[in-house]
Structures are given as C-alpha cells and as structure tokens.
Amino acid sequence: MDRKRFNRLIAATALAAAGLPFGAAAQAQTEISFFYPVAVGGAITATIDGLAADFSKENPSIKVTPIYAGSYQDTIVKALTAHKAGSPPVTSVLLSTDMFTLIDEDAIVPFDNFAKSADDKTWMGSFYKAFMLNSQTGGKTWGIPFQRSTIVLYYNKDLFKAAGLDPNKPPTTWAEMADYAKKLTVKDGSGKVTQYGVQIPSSGFPYWLFQALAIQNDVAMANEAGNAVKFDDPKVIEALQYWVDLAKSGVHPNGIVEWGTTPKDFFEKKVAMMWTTTGNLTNVRNNAKFDFGVAMLPAGKRKGSPTGGGNFYIFKKSTQAQQEAAFKFVKWITHPERAARWSMETGYVATSEAAYLTDTLRKYGRDFPPAVVARDQLPFALSEFSTHDNQRVTKALNDGLQAALTGTKSPALAMQDAQREADRLLRGFK
Amino acid sequence: MRSVHAYLLLLPAFVLLVAFTHYPAVATLIDSFHSTPKGARPAVWVGLENYQVMAGDPVFWKAATNNLWFALATIPASIGLALVMALWVNERITGRSFLRMAYFTPTVLPMIAVANIWLFFYTPSYGLLEQITGAFGLPSHNWLGDQRTALGAVTLVAIWKEAGFFMIFYLAALQSLNPSLREAAAIEGASRWYYFRRVQWPLLMPTTLFVMVNAVINAVRMVDHIIVLTRGGPDNASTLLLYHLYEVGFRFWDTAHAAAITVVLLAVLATVAFFQFFLLDRKVHYK
Numbered sequence: 001m002d003r004k005r006f007n008r009l010i011a012a013t014a015l016a017a018a019g020l021p022f023g024a025a026a027q028a029q030t031e032i033s034f035f036y037p038v039a040v041g042g043a044i045t046a047t048i049d050g051l052a053a054d055f056s057k058e059n060p061s062i063k064v065t066p067i068y069a070g071s072y073q074d075t076i077v078k079a080l081t082a083h084k085a086g087s088p089p090v091t092s093v094l095l096s097t098d099m100f101t102l103i104d105e106d107a108i109v110p111f112d113n114f115a116k117s118a119d120d121k122t123w124m125g126s127f128y129k130a131f132m133l134n135s136q137t138g139g140k141t142w143g144i145p146f147q148r149s150t151i152v153l154y155y156n157k158d159l160f161k162a163a164g165l166d167p168n169k170p171p172t173t174w175a176e177m178a179d180y181a182k183k184l185t186v187k188d189g190s191g192k193v194t195q196y197g198v199q200i201p202s203s204g205f206p207y208w209l210f211q212a213l214a215i216q217n218d219v220a221m222a223n224e225a226g227n228a229v230k231f232d233d234p235k236v237i238e239a240l241q242y243w244v245d246l247a248k249s250g251v252h253p254n255g256i257v258e259w260g261t262t263p264k265d266f267f268e269k270k271v272a273m274m275w276t277t278t279g280n281l282t283n284v285r286n287n288a289k290f291d292f293g294v295a296m297l298p299a300g301k302r303k304g305s306p307t308g309g310g311n312f313y314i315f316k317k318s319t320q321a322q323q324e325a326a327f328k329f330v331k332w333i334t335h336p337e338r339a340a341r342w343s344m345e346t347g348y349v350a351t352s353e354a355a356y357l358t359d360t361l362r363k364y365g366r367d368f369p370p371a372v373v374a375r376d377q378l379p380f381a382l383s384e385f386s387t388h389d390n391q392r393v394t395k396a397l398n399d400g401l402q403a404a405l406t407g408t409k410s411p412a413l414a415m416q417d418a419q420r421e422a423d424r425l426l427r428g429f430k
Numbered sequence: 001m002r003s004v005h006a007y008l009l010l011l012p013a014f015v016l017l018v019a020f021t022h023y024p025a026v027a028t029l030i031d032s033f034h035s036t037p038k039g040a041r042p043a044v045w046v047g048l049e050n051y052q053v054m055a056g057d058p059v060f061w062k063a064a065t066n067n068l069w070f071a072l073a074t075i076p077a078s079i080g081l082a083l084v085m086a087l088w089v090n091e092r093i094t095g096r097s098f099l100r101m102a103y104f105t106p107t108v109l110p111m112i113a114v115a116n117i118w119l120f121f122y123t124p125s126y127g128l129l130e131q132i133t134g135a136f137g138l139p140s141h142n143w144l145g146d147q148r149t150a151l152g153a154v155t156l157v158a159i160w161k162e163a164g165f166f167m168i169f170y171l172a173a174l175q176s177l178n179p180s181l182r183e184a185a186a187i188e189g190a191s192r193w194y195y196f197r198r199v200q201w202p203l204l205m206p207t208t209l210f211v212m213v214n215a216v217i218n219a220v221r222m223v224d225h226i227i228v229l230t231r232g233g234p235d236n237a238s239t240l241l242l243y244h245l246y247e248v249g250f251r252f253w254d255t256a257h258a259a260a261i262t263v264v265l266l267a268v269l270a271t272v273a274f275f276q277f278f279l280l281d282r283k284v285h286y287k
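In order, the protein sequences belong to chains A and B.
Under the working numbering, the first sequence has 245 at position 245, and the numbering climbs by one with no breaks.
Under the working numbering, the second sequence has 29 at position 29, and the numbering climbs by one with no breaks.
Note that these hints are calculated values from the structure, not bench results.
By construction, the Cβ of each residue, glycine as well, lies at the ideal position given by its N, Cα and C atoms.
Be careful, since some hints might not be right.
Said to hold, decoys possible - Derived DEER-like restraints, expressed as beta-carbon distance ranges:
hint, chain 1, residue 1, chain 2, residue 2, range
1, A, Ser410, B, Gly137, 30 to 36 Å
2, A, Gly164, B, Leu128, 39 to 45 Å
3, A, Ala85, B, Val18, 57 to 63 Å
4, A, Lys140, B, Arg41, 18 to 24 Å
5, B, Thr105, A, Ala228, 51 to 57 Å
6, B, Ile93, A, Arg285, 31 to 37 Å
7, B, Phe14, A, Lys316, 36 to 42 Å
To be verified - The calculated DSS-like cross-link candidates involving lysine-lysine, where the alpha carbons are at most 30 Å apart (straight line), are:
hint, chain 1, residue 1, chain 2, residue 2
8, A, Lys248, B, Lys62
9, B, Lys62, A, Lys230
10, B, Lys38, A, Lys78
11, B, Lys38, A, Lys84
12, B, Lys38, A, Lys230
13, A, Lys169, A, Lys183
14, A, Lys301, A, Lys183
15, A, Lys301, A, Lys317
16, B, Lys38, A, Lys140
17, A, Lys409, B, Lys38
18, A, Lys409, A, Lys192
19, B, Lys38, A, Lys430
20, B, Lys62, A, Lys317
21, B, Lys62, A, Lys78
Please model the complete structure; the sequences and the hints are all you need to start from.
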C-alpha cells in the first residue's frame with residue numbers, strides 16, 4: 001500500500017468512526033446488548049439473529065445486538081466480569097440457578113420494576129409455575145423463563161421387544177425401572193455386559209439428575225430462600241441408595257457415566273434406557289437408527305423432575321431507557337407464537353400454556369408425540385437446585401454423589417459430608 | 001543520550017510487560033490479603049485469612065497432590081519419549097518426514113479438540129481402548145469414571161500431547177551435532193549406546209534443560225483437557241491446581257481466595273525456576 005492510499009484509508013476510517021455516534025443520535029435509537037450462551041454458530045444463532053431483527057423491525061427505536069458468548073459458564077463469567085468493570089450487557093440469558101449469585105453480586109434488577117400495565121402483569125403470570133420457581137425469590141421476579149428443559153426417559157423400543165417387554169409401556173415406577181433394566185441387560189458368554197438396562201449420567205453436574213431421584217422420593221433438597229439444604233435427610237440418602245444399587249446390581253454402568261457420551265451409548269445400543277434432557281430430543285430424533293420412545297421419569301413416592309435451562313435477566317448498571325427497552329424485548333420474544341417457534345426449532349420446552357395452544361405447536365405435537373412429554377411432566381416438576389453461593393454448594397453435593405457412585409463412600413457418609421460443607425458455606429446467608 | 005534512546009526502544013515491550021505481567025502479579029498479591037468484594041460490600045483487609053482458608057480446604061490439598069503426581073509422570077515421560085522419537089526420526093529411514101509429521105501432529109491440534117477425541121477413546125464398552133482390551137478378553141473398565149484411573153487417564157493425554165512438541169527441539173539439536181563426532185566414534189569402535197551416552201546425551205544437555213523448564217511450566221499450565229474429560233471428577237480425583245483455581249475464581253466468584261492460590265502457585269513456580277536456572281544450569285555443558 002502506498003502512502004497516499006494509506007492516508008485515504010485512515011481518513012475514511014476516522015470519518016466512519018466520527019459518523020457512527022452521529023447517525024445513532026439522529027435516529028434516537030436505544031441500543032441493547034444481549035449476551036446469549038451458544039458455543040458455536042449455526043442454526044441457533046441464525047434463529048436468534050432473526051428474532052432480534054424482527055423485533056427491531058416492529059420497534060424501530062430499539063436495536064438489539066446479540067453477542068454470542070460461549071457456554072452458560074463462559075457467558076456468566078463474561079457478564080459478571082463486565083458488571084464488575086462497570087459495563088455489563090443490558091440483558092442476558094443465563095442459567096436460572098444463577099439467580100442467587102447474580103443477586104448477591106448486586107448485578108440484576110427485578111422485572112417487577114418495569115411491569116406497570118395490567119397487560120405486563122398478566123404476561124408475567126402466564127408462565128408455567130414450575131419455571132417461575134427458579135425465577136422468583138423474596139416476592140420478586142428476577143428472571144423470565146426462556147430456554148427451559150426437564151429430564152425425561154428415552155428408551156429403545158426395538159430392545160424392549162427383544163427383551164419381551166411391551167414397547168408402548170415404559171417403566172412408571174422405580175421398581176418397574178429396576179425390573180425392566182434387569183431384563184434389558186445383556187451379557188456375552190464370558191459374563192461381560194454388552195448392553196446395560198439403564199444409565200443416568202453422573203459427570204459434570206450429577207446433582208441435576210440426582211435431584212430428579214430426590215424429588216421422586218418426595219423431598220426438596222433446598223428451601224425457597226436458598227439458605228438451607230437437606231442433603232443428609234434419610235429420603236435423600238434413600239434416593240442415592242437406589243442409584244448406587246442400580247449400578248451394584250449390574251444393570252447400570254459402574255462408576256461415573258459421562259454426560260456427553262450418553263446419547264452416543266444410546267445410539268450404539270449399549271444402553272436400552274437413558275435419562276437426559278429434553279434438549280437432546282432433536283439429536284436423538286436425527287441419530288437414533290431404531291424406533292425410540294420418550295417417557296416421563298418413573299415415580300418413586302411421586303413423579304417428578306427438576307427443571308433446568310436459562311432465564312432472561314436485566315442488568316442493573318444500564319440506563320433506565322435501556323432496561324425498559326430490554327423489558328419490552330423479553331416480553332416480545334416470550335410471546336406464545338414466538339415461544340412455540342423457538343420450542344420447535346430447538347427442542348426446549350415452551351414456557352407457557354398459551355404457547356402449547358398455538359396452532360404451530362398443536363400440529364407439531366400431533367406429528368411427533370414425544371415433543372409434548374416434557375410438557376405433560378411439568379405439573380410434577382420442581383425448581384432446579386439453587387442456593388446462595390450456588391456453584392460451591394452444588395460442588396459439595398456433586399463431590400458427595402460421585403464419591404458414593406464410585407464406591408469410596410457409603411451414600412449416608414457422602415451425604416453427611418456434603419451437608420457439613422454446605423452448612424459451613426451457607427451460614428452467612430441465614 | 002544513547003541510553004534514553006535505548007529505553008525509548010524498550011518502552012513498548014516494557015509497557016506491555018508491566019500492564020499484563022507485573023501489575024497483575026502485584027495486584028494479585030494485594031488482593032490475596034483482602035476479602036472478596038460482593039455487591040455493595042467492598043473488599044476489606046483480612047490479613048492471612050484467605051491463606052488459612054486455603055490451607056484448611058481438602059480440595060486444595062487434593063489438587064496439589066494430584067498436580068505433583070501429574071508433574072512427576074508427565075515431565076520425565078514426555079521428555080524421554082521425545083528423545084526416543086527424535087533419535088528414531090533422525091536416522092535415515094524411509095518415510096522419515098511422514099513419521100516426523102505424525103509425531104508432531106498432537107502438538108498442532110487444539111487441546112479441546114483432542115480431548116474430545118480422547119473422551120471417545122476412553123468410553124466404556126465401545127471406546128477404542130475398550131475395543132483393544134476387549135479383543136484380549138480383558139474386562140471392561142470405566143477409565144475416566146473410576147477414582148483410581150481418572151488421574152492416570154488425563155496424565156496420558158498430556159504426555160501424548162507434549163512429547164511431539166519436545167521432539168522438535170531434540171531433533172533440531174541432534175541435527176546441529178557435528179557429524180565428524182559420529183565418524184570418530186565409529187572409527188574408535190564405540191557402540192551405539194556408548195555413543196549416545198558419552199557424546200549425544202551430554203551435548204543435548206542445554207536442550208534438555210530448556211525442555212525441562214517448559215515441561216515444568218506445562219505441568220501446572222495444562223488444564224483444558226481436564227475441563228473436557230473429567231471436570232476434575234470423580235470427587236476431585238483428577239483436579240489439578242489450575243483447574244481448582246479456575247473453579248474458585250470463576251465459578252465460586254471467590255476472587256480473594258483465588259488470588260491466594262495464585263500467589264502460592266507463583267511462589268512454587270518461581271522456586272522451581274530458580275533451582276533450574278541457577279543450580280542445574282551450572283551442570284550443563286555448553287559448547
């Protein structure tokens with residue numbers, strides 16, 4: 001590049017830079033940055049970009065800028081670091097369980113501040129109660145459910161037939177699941193297991209899957225204020241014992257079962273039944289080379305599953321105008337029609353009853369019945385485990401669960417140790 | 001005037017070094033004596049409390065012992081393997097450049113990607129490792145899901161990843177050796193082993209020192225594969241110090257406690273580096 005062209009380029013860049021704020025001011029546009037957790041580009045970013053563009057078309061005074069920030073963990077790291085530096089995003093989708101963490105960091109504002117009209121209030125009351133449990137505390141609503149999931153049971157109908165079981169009757173109780181699992185376990189001549197009956201993943205975040213067992217045994221592990229836990233409750237220990245016994249009896253793989261490879265195990269017919277998120281539905285639909293079924297998790301004393309997934313939050317350190325614009329955006333994007341479209345395209349559970357009553361989802365549910373299993377399970381669902389200092393308390397539980405599953409501690413001892421650690425961590429929040 | 005000029009030339013590098021290395025190190029030291037600021041509560045001076053909490057944390061000690069074993073296994077194994085591979089591909093054999101490339105490949109691949117591949121190697125029942133052991137009729141084993149084998153499994157990935165990188169340095173050093181030494185040894189009738197032990201190995205010492213410094217740094221720096229393979233589990237069986245540090249800092253948001261761990265880590269590394277540069281360096285023969 002010669003000097004003349006270089007100078008021209010510099011001048012052009014300077015002009016463009018100077019022109020930007022001027023242009024924005026002329027239109028009096030409110031720009032809201034929106035952190036969205038996705039690791040790689042593809043279908044999902046195209047959907048989000050499309051939604052943001054549609055919203056700006058309907059509301060020309062507001063410009064939504066989606067910023068793709070990696071996994072949930074990466075996104076909260078970026079959002080909180082930006083908050084500490086004084087320039088957080090205006091809104092972000094983060095784990096519903098991060099609510100207490102965000103409140104303790106004084107990073108977010110409740111949605112109640114902006115819900116002024118009756119319409120706003122009806123909207124805030126329109127979501128499934130199971131999802132709101134993780135979004136409210138102390139009488140305020142801090143998060144709005146967006147991409148939410150629950151755990152369901154996927155099973156291989158072909159293997160059911162081969163084992164002499166009715167492929168249209170998945171197990172409905174713990175005893176039935178253990179019994180079916182036994183029938184579905186296949187060993188080769190040398191006694192080596194070639195196909196397990198059931199597997200419940202336990203790497204990374206075993207607490208989430210374990211919580212389903214605890215709920216089914218009729219116990220909630222954390223209180224609503226998020227400052228007390230019941231890990232050493234006899235019912236919790238009993239639930240863990242059930243899981244450990246599944247592995248001991250040889251119908252469930254030993255040790256830690258990797259979350260990431262569980263769907264693959266299912267596709268490879270190494271396991272006949274698996275517990276995993278509804279978010280895997282599209283994956284299973286595309287990759288299972290056999291007839292599969294989706295069912296509610298079996299009941300212990302009751303049916304149940306925790307919810308999971310992400311909520312919208314509005315950050316404190318942004319202007320009033322930006323926060324109000326973000327509120328408008330969140331209200332718009334969670335509208336039943338758009339929630340229905342979002343659910344169909346991603347496999348997440350639609351967040352309101354009204355979404356399931358739209359023509360779009362009704363038709364989808366008729367064509368593909370597994371898609372509505374998660375919705376039918378929602379009345380039995382409880383909020384995902386969440387407390388103050390959430391990640392640390394959760395780690396105490398995870399460590400305990402893994403110790404019990406790998407056989408280094410008995411379920412009772414593991415849960416007592418976890419309880420002691422959690423009590424220590426939570427004593428400052430009473 | 002000359003020195004002003006010199007300092008001006010050094011200024012850009014100096015600014016970068018202060019801004020991204022020295023200032024953060026000093027700030028970390030200061031932070032480690034304060035509490036973690038939360039919301040409306042600013043940081044206050046707490047003296048050595050963060051260090052006491054750290055010393056009383058069993059996970060920290062577990063991570064420290066794990067890291068020690070990890071270092072003791074990866075450093076000699078990756079250096080030894082690198083040396084053997086370098087001697088091997090330094091010979092005149094057919095397919096030499098292909099072999100060199102094959103050995104170097106693990107270094108070029110991003111750790112996250114290879115860890116995902118290894119995840120499927122270690123998968124029980126149908127993973128590559130299981131297929132091999134299964135062919136010999138050995139029982140199935142959950143390598144990453146067992147407390148006894150998890151650390152060994154992640155260590156192996158680290159060795160595999162590092163050896164190829166170190167091989168390149170050894171290969172370069174071997175090629176710079178004077179060929180007349182080999183001829184002289186041949187005339188004297190020295191065996192291959194004798195030639196290696198008495199000629200090649202001593203002349204490779206400067207490279208070995210350099211590689212060792214890198215291996216030690218990597219032993220506390222490599223953490224990506226832990227995130228993919230085990231996330232420190234089962235029950236902290238494969239947690240390394242840096243992973244523990246990340247968890248405390250960016251998952252628990254206890255930045256003051258994390259600062260204390262960082263200071264300890266820095267102190268340990270500084271001690272090791274001091275030992276390597278000032279004591280080991282004297283024993284190394286430079287040409």
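Verification of the hints:
no.	hint	in the structure
1	A:Ser410 - B:Gly137: 30 to 36 Å	33 Å, holds
2	A:Gly164 - B:Leu128: 39 to 45 Å	34 Å, violated
3	A:Ala85 - B:Val18: 57 to 63 Å	20 Å, violated
4	A:Lys140 - B:Arg41: 18 to 24 Å	21 Å, holds
5	B:Thr105 - A:Ala228: 51 to 57 Å	53 Å, holds
6	B:Ile93 - A:Arg285: 31 to 37 Å	51 Å, violated
7	B:Phe14 - A:Lys316: 36 to 42 Å	38 Å, holds
8	A:Lys248 - B:Lys62	27 Å, holds
9	B:Lys62 - A:Lys230	26 Å, holds
10	B:Lys38 - A:Lys78	17 Å, holds
11	B:Lys38 - A:Lys84	10 Å, holds
12	B:Lys38 - A:Lys230	26 Å, holds
13	A:Lys169 - A:Lys183	14 Å, holds
14	A:Lys301 - A:Lys183	23 Å, holds
15	A:Lys301 - A:Lys317	46 Å, violated
16	B:Lys38 - A:Lys140	21 Å, holds
17	A:Lys409 - B:Lys38	35 Å, violated
18	A:Lys409 - A:Lys192	26 Å, holds
19	B:Lys38 - A:Lys430	17 Å, holds
20	B:Lys62 - A:Lys317	39 Å, violated
21	B:Lys62 - A:Lys78	29 Å, holds
Of the numbered hints stated above, those contradicted by the structure are hints 2, 3, 6, 15, 17, 20, listed in ascending order.
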